[in-house]
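Asker: Residue-level listing of the chains:
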Amino acid sequence: MDIKISVKNLEAFYGKNKVLKNISIDIPRNKVVAIIGPSGCGKSTFLRCLNRMHEVVGGTITGSIQVDGEDLTKTDPVLLRKRLGMVFQKPNPFPTMSIFNNVAAGLRFNGVRNKKILTPIVERSLKQAALWDEVKDNLDDSGVNISGGQQQRLCIARTLAVDPEVILMDEPASALDPISTSKIEELIFELKKNYTIVIVTHNMQQAARVSDSTAFFYMGELIEYDKTTKIFTNPANKQTEDYVTGRFG
Amino acid sequence: METHFDIQLAKLKTRLFKMCSLVDEQVQFALRAIEEEDMSLAEMVVERDKKVDKYDVKIEKICQKLFALNQPVAMDLRLIMSAMTINTNLERIGDIAVNIAENFIRLRTKPAFLEKTKINQMSMIVKEMLRNAIDSFIQNDPKLAEKVIRSDDELDALNAENHKVLIEIMKEDKESIEPAVTFLVTSRELERIGDHATNIAEDVFFIVEAELIKHKYEKFLFSEVENVEKEIDEEIDEDEKRNGDVQKN
Amino acid sequence: MNPSKFFHIKRKVTSVIMMSLSLVATLIALVPLVFIFYYTISKGISYLNIDFFIAMPKPVGETGGGMANAIAGTLLLIGIGGVIGIPVGVMTGTYLSEFGNNKFGSVVRFLTDVLSGVPSIVVGVVAYTLVVIPMKHFSALAGGIALGILMIPTITRTTEEMIKLVPHSLREAGLALGIPKWKTTILIVLKTAWKGIATGILLGLSRAAGETAPLLFTALGNRFWSTKVGQPIASLSVYIYDYAKAPFEDWNQQAWTAALVLMLMISILSLTFRIVTRSKYKTK
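Chains as they are written, first to last, in the working numbering: chain G, 2 to 250; chain F, 41 to 289; chain B, 106 to 389.
Chain G with its partners taken away, still in its complex shape:
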């Protein structure tokens, strides 16, 4: 297996509160890994640790996280986040910017201002996010005047524009209607051809549909990590079985 991200003995803390306990997990390249588990199980924290966004909310970690063999706890978080892009639960386009500038934001604010360079990148990113056809005639409109589903795909395009290697998705469809959700899910199938994707979801069916492997977290621990088919047809652990069959607690 071709490993993209290798996590070893990861522990995460908010203050004195330990939220992740000794997590070791390997995430394969160009695959979709879903993280499932009940609220407060640490799945979002785990995702944030992967691009050090946990620091923004005051978390600390021990253990090692390697991306392509490189220890990311030793790299500059600003550079790291360009390599591991993140899509959030609620669509969050920048309200003061046009659709074009939303997609270009990551590049513009890091010094790329030449429109000749930006235009093809914006177009490519919007196409990858399956949004181009819907917005190509109003690229100068506000990024918040489109529907919620379109906004979320705009946010995905914005993440793709900085050319990441990994896309981290934190419940990317939980604020969307079923049609928009299925569009995002189809997009994930397309994107995994070029990117490694880690998706946190509280929707088990979504995890089942989109992912190649599934990890079940509970109370800050990794209970089971296996092929999605295995997790959803014959999980090895009783807790996992109870959770995926909806018999939890």
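For the record, the hints were derived by calculation from the structure and aren't laboratory data.
Source: prediction; values computed, not measured.
There could be a bad hint or two in this list.
[Unchecked claim] Below 35 Å or equal to it, Euclidean Cα-Cα: the simulated DSBU-like pairs (lysine-lysine) are:
#1 F:Lys158 x F:Lys211
#2 B:Lys296 x B:Lys286
#3 G:Lys137 x B:Lys296
#4 B:Lys208 x G:Lys75
#5 F:Lys101 x F:Lys270
#6 G:Lys231 x F:Lys101
#7 G:Lys117 x G:Lys128
#8 F:Lys94 x G:Lys228
#9 G:Lys22 x B:Lys300
#10 G:Lys116 x B:Lys269
#11 F:Lys281 x F:Lys270
#12 G:Lys137 x B:Lys286
[Stated by the list, open to error] FRET-style restraints, in silico, Cβ to Cβ:
#13 F:Leu117 x G:Lys75: 50 to 58 Å
#14 B:Val118 x F:Val113: 48 to 56 Å
#15 G:Asn111 x B:Leu270: 23 to 31 Å
#16 G:Lys75 x F:Thr128: 53 to 61 Å
#17 G:Ala237 x F:Asp93: 24 to 32 Å
#18 B:Val381 x G:Asp213: 50 to 58 Å
#19 G:Pro39 x B:Val118: 53 to 61 Å
[To be verified] Incomplete in silico selection of chain B near chain G, CB under 10 Å:
#20 Pro272
#21 Arg276
#22 Ala281
#23 Thr289
We treat Cβ as the ideally placed atom computed from N, Cα and C, and that holds for glycine.
On the provided structure of chain G, position chains F and B as indicated by the hints.
Answerer: Just chains F and B now, with coordinates in the frame of chain G:
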């Protein structure tokens, strides 16, 4: 929009179509082996059953995966449910073809009295029923399915007639008891293929019309299905009450 | 009677009563506002003419003349005040909301609240002590500094509140794109909150434009045309104060007109700000 799920469904259908033509061929070959007294063809039928079994397992696995990962509903749910039973029926038909072939291998020659029986006629009808059942499934054609279901009675009648004829032959000539018993079994096997073809046709009806017509057509062929359904429900409920099968919820 | 019907009626009656009470309260609040407008306009309009804007004040005993020097003075004073108050206020507000979740932050927040409660005359005295005494004479600069200090608490608190209203998700979106924190704060957070901050600045400027007390010790006043920063300077508010208590009917009238002009200036300022900060995009 062709979704990832659609692609998986198409894959299931293709596999099932392939299994259909394989099983159809098995029956054709088994009957032709008797017709032409071709031992190598009969042996091939026996040999190729392994392939049928492989398809059976494969299709079962695909269905399981589709159920576990996609939570199919409506049309999709009916298709996958029916795919499973059609798969089972096909596998049974495959086994029957092997039985017919094996029985004939033991016998090696076609007895002269075969002209007097209706075996030939049955073969023709069975081949046509199977063809129509498979075509009705592939083409989603309930009319063709209905035709299959109607033919079954004819087949049953021929089978009964065969019994009478063969018993007469056995009474007259002790030498012909062994081949006559063999063809008594073969006649029954042909009738069984007809039953399985009927089951497949019923499933096609279920996929297209969303109505369970199983075991109802004898009373009211394709009419007032709902009334019959209610009748059956009541009958079962009463039975269970009488036997004390139902546990108090 | 059916109890559910009884409660239904009771709810409706309560609703009507509360609605009426709110309406009455609103009307009461409107009364002084309408009177102020009415008096200022009706009394001030008679002297409002071109001369008032371009002519200088006439000596005692002569009628007519204008307040050109005072209008220019007020503009210069709030200009100086703005140059000091706006950057300090906006930056302090930004610091408090983005980095101020510590002891130092709460101390600054407390001091800002205290400052906003300090009587403006005290600020005048402070500016007098810090600027006028070392310079040995009254000056526009001293007045501007006093006004700037008065603006700071308003702008700081509005900025902080407005920035806090910017969803945390936007900051995270910026950071997750690999944009450094300082750029995220300025280019995304401040830009998003800008409309609200502008309102805060406007409030600060308006308040400063109307202040009289701190100017008495600092800018003092000037009967002649001056735009020198180092010299005493006239202002509308001080003129209103002087002319309103003067024993000449003509001056009293001019005080009303000055008040009207001051109100107009603030309205125009407010309108300009609205237009300048108007969002590029129509909001749904």
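Asker: With reference to the structure, classify each hint as holding or not holding.
Answerer: Hints versus structure:
Straight-line distance between C-alpha atoms of Lys158 of chain F and Lys211 of chain F comes to about 18 Å, which keeps the hinted pair within the 35 Å bound. The straight-line distance between the Cα atoms of Lys296 of chain B and Lys286 of chain B is roughly 14 Å, inside the 35 Å bound, and the hint therefore holds. Under the criterion of a C-alpha separation no larger than 35 Å, the hint pairing Lys137 of chain G with Lys296 of chain B is consistent with the structure, at around 25 Å. This hinted pair checks out: Lys208 of chain B and Lys75 of chain G have alpha carbons roughly 30 Å apart, not beyond 35 Å.
Under the criterion of a C-alpha separation no larger than 35 Å, the hint pairing Lys101 of chain F with Lys270 of chain F is consistent with the structure, at around 34 Å. Annotation: proposed proximity of Lys231 of chain G to Lys101 of chain F holds, straight-line Cα distance about 12 Å (limit 35 Å). Pair hint Lys117 of chain G plus Lys128 of chain G holds up; C-alpha atoms about 18 Å apart against a cutoff of 35 Å. Distance check on the hinted pair: Lys94 of chain F and Lys228 of chain G sit about 23 Å apart at the alpha-carbon level, within 35 Å; holds.
A threshold of 35 Å between alpha carbons decides the hint, and for Lys22 of chain G with Lys300 of chain B the separation of about 45 Å lies outside it, so the pair is violated. With a C-alpha separation of about 33 Å, the suggested pair Lys116 of chain G and Lys269 of chain B falls inside the 35 Å cut-off, and the hint holds. Taken as a hint, the Lys281 of chain F and Lys270 of chain F pair is honoured in the structure, with Cα atoms around 16 Å apart against an allowance of 35 Å. For the given pair, Lys137 of chain G sits about 31 Å from Lys286 of chain B by alpha-carbon distance, which is consistent with the 35 Å threshold.
A beta carbon spacing of about 51 Å between Leu117 of chain F and Lys75 of chain G agrees with the range 50 to 58 Å that was offered as a hint. Look at Val118 of chain B against Val113 of chain F: about 50 Å separates their beta carbons, and that is inside 48 to 56 Å. Roughly 27 Å separates the CB atoms of Asn111 of chain G and Leu270 of chain B, a value that falls within the hinted 23 to 31 Å. Between Lys75 of chain G and Thr128 of chain F the beta carbons are some 58 Å apart, a value that agrees with the proposed interval 53 to 61 Å.
Range check, Ala237 of chain G to Asp93 of chain F: about 28 Å between beta-carbon atoms, so the 24 to 32 Å window is met. For Val381 of chain B paired with Asp213 of chain G, a C-beta distance near 53 Å keeps the hint of 50 to 58 Å intact. The hinted range of 53 to 61 Å is not satisfied by Pro39 of chain G and Val118 of chain B, whose Cβ atoms lie roughly 47 Å apart. With 10 Å as the threshold, the beta carbon of Pro272 of chain B comes within range of chain G, its nearest partner Cβ sitting at about 7 Å, so the hint holds.
Taking 10 Å as the C-beta contact cut-off toward chain G, the hint placing Arg276 of chain B at the interface holds, the least distance being around 8 Å. Proximity of Ala281 of chain B to chain G holds as hinted, the smallest CB-CB distance being about 4 Å (cut-off 10 Å). At a threshold of 10 Å, the smallest CB-CB gap from Thr289 of chain B to chain G is about 8 Å, leaving the interface hint in force.
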